[in-house]
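So the sequence lines, in the order shown, correspond to chains A and B.
Here the working numbering is used: position 99 in the first sequence is 99, and no number is missing along the way.
Here the working numbering is used: position 126 in the second sequence is 126, and no number is missing along the way.
No lab work stands behind these hints: they were computed from the structure.
Do not rely on the hints blindly, as some may be mistaken.
Claimed, not checked - Label pairs and their computed distance ranges (CB to CB):
| no. | chain 1 | residue 1 | chain 2 | residue 2 | range |
| --- | --- | --- | --- | --- | --- |
| 1 | B | 129 | A | 165 | 54 to 60 Å |
| 2 | B | 39 | A | 165 | 55 to 61 Å |
| 3 | A | 119 | B | 124 | 35 to 41 Å |
| 4 | A | 338 | B | 47 | 40 to 46 Å |
Quick caveat, the model's predicted, so the values are computed rather than measured.
Using N, Cα and C, we set each Cβ at its ideal position, and we do this for glycine too.
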Amino acid sequence: MPFTFPHFGSLKYVFKVLLNELGRFDLVMPTKPNKKTAQLGAIHSPEFICTPFKITLGTFIEGLERGATELGMGGCNAYCRFGYYWPVQKLILEDLGYDFKFIALNYESPKEIIQVIKKEISPDLNLLQIIRAFRIMWLKNRLTDLVDKLLYKYRAIEITKGSTERVAQKAFDMIVELKGIRNIKRATRTLPQMFENEIDYDKKANPLKVCVNGEIYVVLEPSLNLDIMKRLNEIGVHVETPITLGRYIDVGVKLNPFKKFHSQLSVAAAKPYVEHRCGGETQENLGDVIMYKKEGWDGIVHLYPFTCMPEIISRSIFPQLSKEYNMPVMSLVLDEQTAEAGLQTRLEAFIDLLSRKRDANEN
Amino acid sequence: MAPLKVGLPRALIHYKFFTLWETFFAELGAEVIISPETNKKIREMAISAAPDEDCYSTKLYFGHVLALKDQVDYLFIPRFGSNHKINVGCPKFLGLAEVLLSMFPDLPPIIRPYYSKAKSGHKNIRLLFIAFSVGYKFTKNPFKILHAFRKSVKAYKKYKKNLIIDENTLHQWERSEVVLNDHPILTDDEKPLKIALVGHTYVINDGYASLDIRKKLSELGADVITSEQMPRDIIEQYMETLDFNMYFDYEREILGTIMYFLESNKVDGIIHLMIFGCGPDSIVGEMAARFYKRKPETLLLQLVLDDLTAEAGLRTRIEAFIDMIKRREKKVAIHLPTLRIS
């Protein structure tokens with residue numbers, strides 16, 4: 001039965017790798033959502049649901065139209081609506097008359113994931129093979145994160161427009177094809193070299209450095225955030241994002257007592273402001289202000305979908321942190337109706353502000 | 001020495017736990033000041049002060065806090081996660097104290113104990129610990145705190161027992177043998193309409209936010225049951241029939257009540273009050289609407305409230321809904337004999 005899953009930025013390669021490793025090759029790869037997808041989702045969605053719901057619903061409808069019958073989706077049990085996406089989408093799609101099956105993986109409980117995979121996705125594999133598939137997934141997720149990071153860095157200072165993107169696409173294709181743990185580990189070293197050698201960039205440039213953080217889906221899905229990374233890169237800004245799926249799936253780092261996710265440090269830094277977890281990436285985003293200030297970055301762009309519950313909390317506390325640490329923060333609400341020109345203007349104004357601030361500090 | 005004044009904002013979680021807190025602070029010898037019932041002034045303060053994307057109820061909380069801030073020595077804004085091992089509450093409840101602290105640095109000191117069984121894995125014993133750490137601000141006598149704690153828990157349990165009816169009472173209500181809320185005002189000896197009023201505790205009990213919907217309903221001759229009164233067994237039983245875990249704790253009673261009445265057809269209509277911008281409501285509202293599509297015998301009216309909802313508009317919709325129910329019954333009664341003739 002053809003399998004499909006929502007489009008999720010460069011993570012779609014990671015999901016593809018996982019499913020291939022689990023022995024599933026009958027995939028309907030999701031296409032990049034566009035305005036039509038968002039509208040398709042929005043028509044059938046509840047009125048004030050958060051935007052990722054609408055986009056994922058739109059991609060599912062498109063996938064079903066293209067012949068998929070199994071839909072893969074995440075689930076959770078947290079202070080977030082994400083865990084209800086599939087039950088509600090199931091009701092909506094049933095009412096639309098599609099024939100399908102939802103396979104929901106609760107990312108908070110590894111035991112449940114393995115049970116569901118054994119039952120629904122690949123009954124022939126044993127436990128070790130499943131764990132091995134996941135290991136390859138999280139190792140390759142590290143690589144896609146690395147490529148994203150390099151892309152956001154080199155695209156800001158490239159001389160020939162579009163050259164970095166070509167290299168990045170090549171790198172993604174390479175990552176999907178890579179076989180064997182040793183080759184994957186070697187790629188961690190070869191990928192930066194590949195970018196360094198193949199891209200002609202301005203070596204003297206000292207671009208502004210901006211961190212983009214916020215809700216995970218909005219930050220990682222270019223079609224929802226109107227490719228904000230590219231827009232910033234085109235203004236000549238070096239972008240980085242601390243948001244990664246790795247903190248949920250990278251058991252390698254989780255088990256290693258000597259390594260820590262960036263998010264863990266951010267959470268620790270945010271303790272005086274928000275003491276306990278209140279869902280989403282609230283503490284992480286607040287802590288990022290402190291962390292990135294320490295590392296010498298110039299500003300933060302905070303993205304969140306309309307009506308996201310936890311991010312409204314962080315947005316309300318940002319002004320205080322921004323003042324205390326002298327770090328400019330811009331919060332942007334995004335939904336499927338966000339206009340490109342408006343976003344562009346706000347970004348340019350913010351970057352102007354940052355560059356003046358830098359000039360004032362230098363003089 | 002004058003007793004210390006502690007302020008309880010009358011919004012959100014207050015409607016669930018006010019007995020517990022009032023008794024506790026009163027027993028400690030503190031003067032409990034509860035903000036007035038929501039009124040126009042509070043609403044206006046709330047809308048101008050609160051973050052613009054919060055839901056209406058959360059905005060009102062800001063108004064209640066601002067109404068209290070000059071009268072009290074302490075504000076009591078607990079960070080309450082949930083009282084269930086897995087199911088969680090609303091993230092806004094957890095963030096409120098910190099957001100308020102960040103937005104209004106001149107507030108009186110906020111007492112903000114943190115308690116959550118889900119995620120943090122707190123045990124019941126932590127409540128005692130919280131009671132002592134809060135109590136020491138008011139009295140140095142540990143026995144007094146222990147006494148206050150015991151008494152408040154007792155009062156809370158009693159309140160809960162009175163509020164939540166058992167299945168027998170529910171069936172009696174369904175047969176119109178008992179009245180649970182206000183008596184319906186009936187003109188002649190017509191039968192009262194059975195209406196289930198479903199929504200968050202802090203919406204259906206807040207007269208201003210819900211635009212006095214309970215009063216309006218009883219004026220229209222409706223006998224109301226609210227979702228918070230429903231027996232927990234029935235709700236849990238319906239939650240188990242779902243193919244997923246309904247992990248928002250406060251939403252369970254809402255969806256469970258709707259499912260029960262859609263299935264049993266024991267009421268004439270269900271009115272579901274939603275708040276604009278409420279995350280869980282967007283999910284539960286959609287689910288209820290889709291379940292209703294599958295079982296359309298009992299009528300369901302979903303009303304979305306926000307700070308702009310006009311009273312006249314709401315009244316019109318409720319009247320239309322009640323009229324529809326009445327006509328439907330009449331039509332069935334008229335319709336049957338004609339069928340027999342033909």
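Going down the list of hints, with the structure as the test:
1. B/129 <-> A/165: 54 to 60 Å: holds, 56 Å
2. B/39 <-> A/165: 55 to 61 Å: holds, 58 Å
3. A/119 <-> B/124: 35 to 41 Å: holds, 36 Å
4. A/338 <-> B/47: 40 to 46 Å: violated, 24 Å
The structure does not agree with numbered hint 4 stated previously, though it agrees with all others.
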